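Single-letter residue listing:
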Amino acid sequence: MKFWSQLGEREQDLEVRVTGTHLDVDADGRALAADFVPLPGEEVFSLLIDGRVHEVSVEEKDGAILVTLHGQRHKVLVRHPLEKTLREVRHAGPAASGEVIESPIPGLVVALKVRVGDVVAKGQAVAVVEAMKMQNELTAQVGGTVSAIHVEEKKNVEAGTKLVSLT
Amino acid sequence: MKRVLIANRGEIAVRIIRTLRDLGLTSIAVYSDPDRAALHVLVADEAYRLGPGLARESYLSIPRVIEVARAARADAIHPGYGFLSENAEFAQAVQDAGMIFIGPSPSTIARLGNKLAAREIARAAGAPLVPGSPGPVADVAAASAAAKTIGYPLMLKAAAGGGGKGMRVLRSADDLGSAFELTRGEAKAAFGDDSVYLERFVERPRHVEAQILADAHGNVVFLGERDCSVQRRHQKVVEETPSPIFTPSIRAKFAEAAIAIARAANYVNAGTVEFIADPDGNFYFLEVNTRLQVEHPVTEMVTGLDLVAEQVKIADGQKLALPSASLAPRGASIECRIYAEDASRNFMPSAGEVTRLRLPAGPGIRTDAGVYQGFQVPIEYDPLIAKVVSWGEDRAQAVARIRRALEETVVEGLTSNVAFHRWLLARPEFILGDVHTGFLGESFTPDALKATPEAEEVALLAASLHAHARALSVRPVERGPSQWRYADRIASRER
Chain A
1 MKFWSQLGER
11 EQDLEVRVTG
21 THLDVDADGR
31 ALAADFVPLP
41 GEEVFSLLID
51 GRVHEVSVEE
61 KDGAILVTLH
71 GQRHKVLVRH
81 PLEKTLREVR
91 HAGPAASGEV
101 IESPIPGLVV
111 ALKVRVGDVV
121 AKGQAVAVVE
131 AMKMQNELTA
141 QVGGTVSAIH
151 VEEKKNVEAG
161 TKLVSLT
Chain B
168 MKRVLIANRG
178 EIAVRIIRTL
188 RDLGLTSIAV
198 YSDPDRAALH
208 VLVADEAYRL
218 GPGLARESYL
228 SIPRVIEVAR
238 AARADAIHPG
248 YGFLSENAEF
258 AQAVQDAGMI
268 FIGPSPSTIA
278 RLGNKLAARE
288 IARAAGAPLV
298 PGSPGPVADV
308 AAASAAAKTI
318 GYPLMLKAAA
328 GGGGKGMRVL
338 RSADDLGSAF
348 ELTRGEAKAA
358 FGDDSVYLER
368 FVERPRHVEA
378 QILADAHGNV
388 VFLGERDCSV
398 QRRHQKVVEE
408 TPSPIFTPSI
418 RAKFAEAAIA
428 IARAANYVNA
438 GTVEFIADPD
448 GNFYFLEVNT
458 RLQVEHPVTE
468 MVTGLDLVAE
478 QVKIADGQKL
488 ALPSASLAPR
498 GASIECRIYA
508 EDASRNFMPS
518 AGEVTRLRLP
528 AGPGIRTDAG
538 VYQGFQVPIE
548 YDPLIAKVVS
558 WGEDRAQAVA
568 RIRRALEETV
578 VEGLTSNVAF
588 HRWLLARPEF
598 ILGDVHTGFL
608 GESFTPDALK
618 ATPEAEEVAL
628 LAASLHAHAR
638 ALSVRPVERG
648 PSQWRYADRI
658 ASRER
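Protein sequences, first through last, are from chains A and B. Take the first sequence: its letters are residues 1 to 167, numbered as in this note's numbering. Take the second sequence: its letters are residues 168 to 662, numbered as in this note's numbering.
Hints listed in this document are in silico derivations from the structure and should not be mistaken for laboratory results. On a predicted model such as this, the values are computed, not experimentally measured, just so you know. Be aware that a few hints might be false.
What the hints assert, rightly or not - Straight-line distance between alpha carbons at most 27 Å, and here's what the computed DSS-like set of lysine-lysine pairs gives:
hint	chain 1	residue 1	chain 2	residue 2
1	A	122	A	155
2	B	420	B	403
3	A	61	B	617
4	A	75	B	403
Claimed, not checked - Partial chain A-side listing against chain B, Cβ under 8 Å, derived:
hint	residue
5	12
6	23
7	70
8	71
9	76
10	109
11	111
Heads up, the beta-carbon is just placed ideally off N, CA and C, and yes, glycines get one too.
Work the whole structure out from these sequences, hints included.
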């Protein structure tokens, strides 16, 4: 599963794979072994990064994740990497049309915002998937005409499930 | 003496109750409404309500405290520090009600509570004094004349002042006019007495104080010094013993001066004689605190004594009978005051629920706390929530241990100064013991507490891993496979 996070000016691209009893993490190209375990009864986690011990409190607020580490609070925005790609595409000028929009995360399809045959502009919302109690609006990165809709509203999807195809 | 009421709250009330229980005495707590479930109420044998949260209707109300003490059939009252501890009228009221006041006599408190009277006692005892005006200065002209004789820089101080309030540094004659009126105004407002006096301002001063114990039979002992030079806005934050600048010969002169002052004041019970010292170890009398100090544990750590137990015995009329080893302190001790305050916002007090609390322990560490996890820290009172104290064979070990202890400490929910302490304890000036009372003012800026890149890295990672964990666990499945099985599937699919 991939994430793109921001803390002030800093950004991090992260890919997480569950491997047996720990997590294999690729953070900006660095391979790390992580373990993230909740402590009993609280939103507090023991985090091991390559064996180094950290303890963090985590709270979700207004779409951000507030991480308290050593008594200091950090506000982190965690997004889907697609949003980063989208940002890059916005700066990249015209691109070829046609794309398949997939759910970046496992979750519930809350809304489909397009029908087959609709013309979708770059950046236009096509679906909303709810996960982590957050509604994630999925937008067309390139744009095109809706050729197929692969899911229905109120259905659960997994990460990578095709939602909408554009040509 | 069988039943002792503690006219205080917070960590000091808890600390006193512990000793009373050790001594087999009944401990009686008192509380204001917001403190009904405070730690000192929970650990006492008995507890009675004083009144509403407002201190003057509860912990500062002499009639209420006396009334409750009478109803509770208390034999004695320990005032702790702050609140009514240095109030001669209260000490008198306790005696008039037929109870023992655990502290010096009302007349001693009254005399030493006036800084000018205290100076005269010290002068008569032959203790060194900072050059200053012989008495209060009535107006700017008199102040200006006195200032010429003493020399700048000067300190303008309220005669009835204390706790860092009502004092001002004057660098030159230009500062005098406005400072005079301001200080008088503050003195009037804070202490109801607008007399002010002048003193030479010692540059790069250290605050060093003597712990003394005196019984009603004329015995006075010196239990070593405490160096409290790390201060923010004239309030102590870290204290230690021995003073890093004291040599045995300085200490001997220091002990002699402190004992002479205690004798001259006919002092009975535990007391602290405060001095200001320059970096060469020249010291000058400041004032006498007629109570147990916040920082008394560092003295207990190196002497092995329980100062509250000694106070109780002295108040009970017993003779001082200290093991001789306690007069030759062993090792070094450092105390960090854990305040509910935001160091990055000019040490603004913070209040609210302590959502998480993990206090340090282990070799050479003592923790005195007045709160527990889940407790709502009221905004009405002092923001001191705990004291972490270390002991080591030498200063280096005491420093290493307190640094380790502060690394372990977790206080969340409200803002505490734990991160500030971690910064401070890592400063070379502190590690070398080369600090003075203006050190924090010169060296500390809120930037010092800014997150390090390493911390930000961990926070970024933690946030993403949290999102990952949530993504795995909130997958809406009805009686489906557990999240662990699901995690396996994710793993296999991604492999």
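Q: Identify whether the interface hint at residue 109/A stands, where standing means a beta carbon of chain B within less than 8 Å of its own.
A: Violated. Min distance 11 Å.
**Q.** Interface hint status, residue 12/A versus chain B (Cβ within 8 Å)
**A.** holds (4 Å)
Q: Closer than 8 Å between Cβ atoms is the bar; does residue 71/A clear it against chain B? Give me holds or violated.
A: Because about 5 Å separates residue 71/A from the closest Cβ in chain B, which is inside the 8 Å limit, the hint holds.
**Q.** Hint validity - residue 70/A Cβ closer than 8 Å to any chain B Cβ
**A.** holds (6 Å)
Q) Regarding the pair residue 61/A and residue 617/B, is the alpha-carbon distance no greater than 27 Å? A) Cα-Cα ~22 Å, so holds.
Q) Does the structure keep residue 420/B and residue 403/B at a Cα separation of 27 Å or less? A) holds (24 Å)
**Q.** Pair hint residue 75/A and residue 403/B, alpha-carbon separation not exceeding 27 Å
**A.** violated (33 Å)
Q: Take a quick look at whether residue 122/A and residue 155/A sit within 27 Å of each other, Cα to Cα.
A: holds (25 Å)
Q | Satisfaction of the residue 76/A interface hint, Cβ to chain B closer than 8 Å | A | holds (4 Å)
Q: For the hint on residue 23/A, just tell me whether its beta-carbon gets within less than 8 Å of chain B.
A: holds (7 Å)
Q) With 8 Å as the cut and Cβ atoms as the points, is residue 111/A at the interface with chain B? A) Violated, because the Cβ-Cβ distance from residue 111/A to chain B comes to roughly 16 Å (cut-off 8 Å).
Hints 4, 10, 11 from the list above are not met by this structure, while the remaining hints are.
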